[in-house]
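Asks: So you can see what is in the structure, the chains are spelled out below.
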Amino acid sequence: MNVHRLSALLRHHEPEEAWAVVLGQQPAFGLIAQVLAANAPVRASWQRCATERPPARIWQQCLDLGLQVLVMGHPRYPAGLLDDRLPPPVLFARGDLALLEGRRVGIVGTRNATVGGRATARLLGNGLAAAGVHVLSGLARGIDGYAHRGVLAAHIDQPDNDRAGRPIGIVASGHDVIYPREHADLWAAVGERGLLLSESPPGTPPEPHRFPLRNRIVAALSEVVVVVESRERGGSLITASEAIDRSVPVMAVPGPVDRRSAAGTNRLICDGAAPVLGVDDVLIALSYQNGRSAVMAADLRPRPRGGDLAIYRVIAEDARTIDGVALALGLSLVDAAMGLARLEASGWVAQADGWFERTGSPLR
Amino acid sequence: MLAAVRSATVFGVEGRPVIVEVHVSTGLPGFLIVGLPDEACRESRDRVRAAFLTTGLGWPSCKIIVNLAPSSQRKGGSGLDLAIAVALLAANGQVPVEQLEGFGFIAELGLDGSLRAVSGIAPMVAAMPDITCVVATASFREAQGVSGDRVRIAGTLREVVDALNAEAPWPRPPDGEFVDDEPPPLDLADVRGQAAARLGLEVSAAGGHHLLLVGPPGSGKTMLAQRIPGLLPPLTPEVSLEATMVHSAAGVRLPFGGMVRRAPFRAPHHSSSMVALVGGGSVALRPGEISLAHGGVLFLDELGEFGPVVLDGMRQPLEEGVIRLARARASAALPAKFLLVAATNPCPCGGGPPGACECDEVARLRYLRRLSGPLLDRFDLRVGVAKPDVEDLLASGGGEPTAVVSARVAAARAIGMARAGTLNANIPPDRLDELAPLHPAARARLRTELERDLLTGRGYHRIRRVARTIADLQGSEELVLDEHVVMALSLRVRLSVSSRERVA
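Quick mapping for you: the protein sequence lines, in order, are chains A and B. Residue 2 is where the first sequence starts when you use the working numbering, and the numbers rise one by one after that. Residue 34 is where the second sequence starts when you use the working numbering, and the numbers rise one by one after that.
Pulled out of the complex, with its shape left as it was, chain A reads as follows (with noise of 0.2 Å):
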């Protein structure tokens, strides 16, 4: 049921009195009333949805599935919500509900990644994680994934440190139509040591159109929405447009102009998103901090020297090829591919389909 409609016959009605209405077993009020008298199809398409899946079994799923199911006006649905524009009339959750009280970012992005933006989004949620905030996003494929991967991976390198930020998933589809299937693992590490919600009853498939509706949570229930990288259109942008009209601000991660996986976010930056150089702008954001703290963060990578730190510099520039390096440096294959290897196993570049980029925090 679209979520308007279910919206409006929560407004009006009880929940079990809601029931009797859509069996069409009671009248309605108001404008439900009007909306069931005027359309026959709804009234068909109410009745079978209704029949098809009655409450008793989802709430068996639901139970099965260690789910706490959060109707609007329960005690523990989240406060964040109840004054939004489309609040969700039901919420699925799984994990941790405290969390939704802790300061929370959102990190969202394409789903088709660089290798380079893959590591901004982790190295963004990991240093939120261990600076104590809780980093909300998708579990899509790409950015999403890699901002949560981010984060857990600060629980594995602090294990002693329980004041962590924690991962919060939103999805779209039920809590048992795992989507991406080969984020199997990464949903059940979030709703382990996090907190995964989805608007959808179990069983629900990942339908496109529910996944704006998913994004939409995602900018309500955030403080700050960082995007990482996005194209001149995709699902990130749409969650920063639902952030704007929520006056959540939205900050941006720069990349170059002529990028393609920098369009979208470049442009957000264009039109007045602040933009992200390290975790640090984020906190600064959330007045965790009120400056760039003076000492980093010890960067425990060794320091490129002489050649090394030449072709670093080139591939800082732009990605390269191995051919690249040598020529734009007049080395011979050889030592080119020394230096790589060198700046590759201290972890300053990385290498996938024969290209080279600059990796992790860049050199100061």
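Hints listed in this document are in silico derivations from the structure and should not be mistaken for laboratory results. Heads up, a few of these hints could be off.
Stated by the list, open to error - If we take Cβ atoms under 10 Å as the criterion, some of the chain A residues that face chain B in the derived model are:
| id | residue |
| --- | --- |
| 1 | 117 |
| 2 | 183 |
| 3 | 346 |
Keep in mind the model is a prediction, meaning the values are calculated, not measured. Think of the CB as a built atom: it goes at the ideal place given N, C-alpha and C, for glycine as much as any other residue.
Based on the hints, put chain B in the right spot on chain A.
Replies: Chain B in isolation, oriented as in the chain A frame:
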């Protein structure tokens, strides 16, 4: 009256001797061929009859029975035409029977009495080593390579009859074209830039390492692949003979001299069927592209577009160097030892520098997954090919020419063969420590790669073999140094499908 004449058919890449017996007797006029002929073979009677009449030879109005012995074997093709005609002439008394002693006949007849070439001449002639073979003039080149001077040629049935009746000498073989008419191999000097890919070709040729070229369309993958045969040394006499048999059996034109001496280059289109690629067919088991590439290069462009079943069918021959085809009635083993060179885009849209790809990740994964698995594992070298730099394209000088590189390749191959008795790509894992000992720094580097999960167990052995070849090319015959391992690692790019991260 009876006459028997020797001929042969081809099966797989082997010639099989056939004796053509003709019996002419009184009775209702008729012409019957027995002994499991296939359709082309059975139609032979119409061609033979027409050829007789146009040549002006008398056609016996008797009962004619032709038997193709051994009669339990299926016989295909039109190469028995001439033998049937000659046997019939002998049985009919138009040619003395004793003149046929020491001759075999292989050619198709035209209705005008001309002799036409058939495929498989080389193996068929080789199957009759003790006698002189009579073939069509057009088949001379093919027959000459394996038979030397025990071959006679003729242009028409009339010439054959006159020669057998000693009324005219056998026609002289064509001469005067003692020029190598094969185009020279494509030269590496035409390739601008692409240093890493060039090295990939060199290593591939020197160590027999299968090579996968990964890069966007227009980056020159095909151009590079076409230059590998030029880097390979000439075929050894043994391989040359095997390749000649295959080419002849498949009806592929042989170079002047009748022998395949240079490494062949075969590039079947990705729509090719299983049979076209590995060989097969119902009667003759024709050799496929992998056999035609024997001793040379099989180039599969757009590897991902080939049918998965087709690619799977190549795994066994890749392993064994021979393809065993079995059919209900017969089976054959065809040589298929080739260097596999393949090219692929990194993703459906073609990719390019990071961020240029327009595919969503699912499409990308699906595309690469088609390549992944068993076949992808056989490539020792995975070389990234990027669009050449503008500077490189405009630069006046080309890179090193083929002549220089192939000399290095030949030297490295000699070192490798002397050390291991085989090309470096075939060194068994348990002999790697003995044949490719690692410098401590190189060992440490490989250990780190393994620990960081960037290298699998199988990849580890492959890297060591490639590093061995690189060391051989650089004249380090004993130890494999760190720089050789690093180069080997750079010639094995990580496809982004394999760089997926696990949840901590």
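Asks: May I ask you to test the interface hint for residue 346/A with respect to chain B, counting a Cβ-Cβ separation under 10 Å as satisfied?
Replies: 6 Å, holds
Asks: Return the status of the interface hint for residue 117/A: holds when the least beta-carbon distance to chain B is below 10 Å, violated otherwise.
Replies: Holds, about 7 Å.
Asks: Hey, does the residue 183/A contact hint survive, CB to chain B under 10 Å?
Replies: Where the cut-off is 10 Å and the nearest Cβ of chain B is about 8 Å from residue 183/A, the hint holds.
Taken one by one, the earlier hints all hold for this structure without exception.
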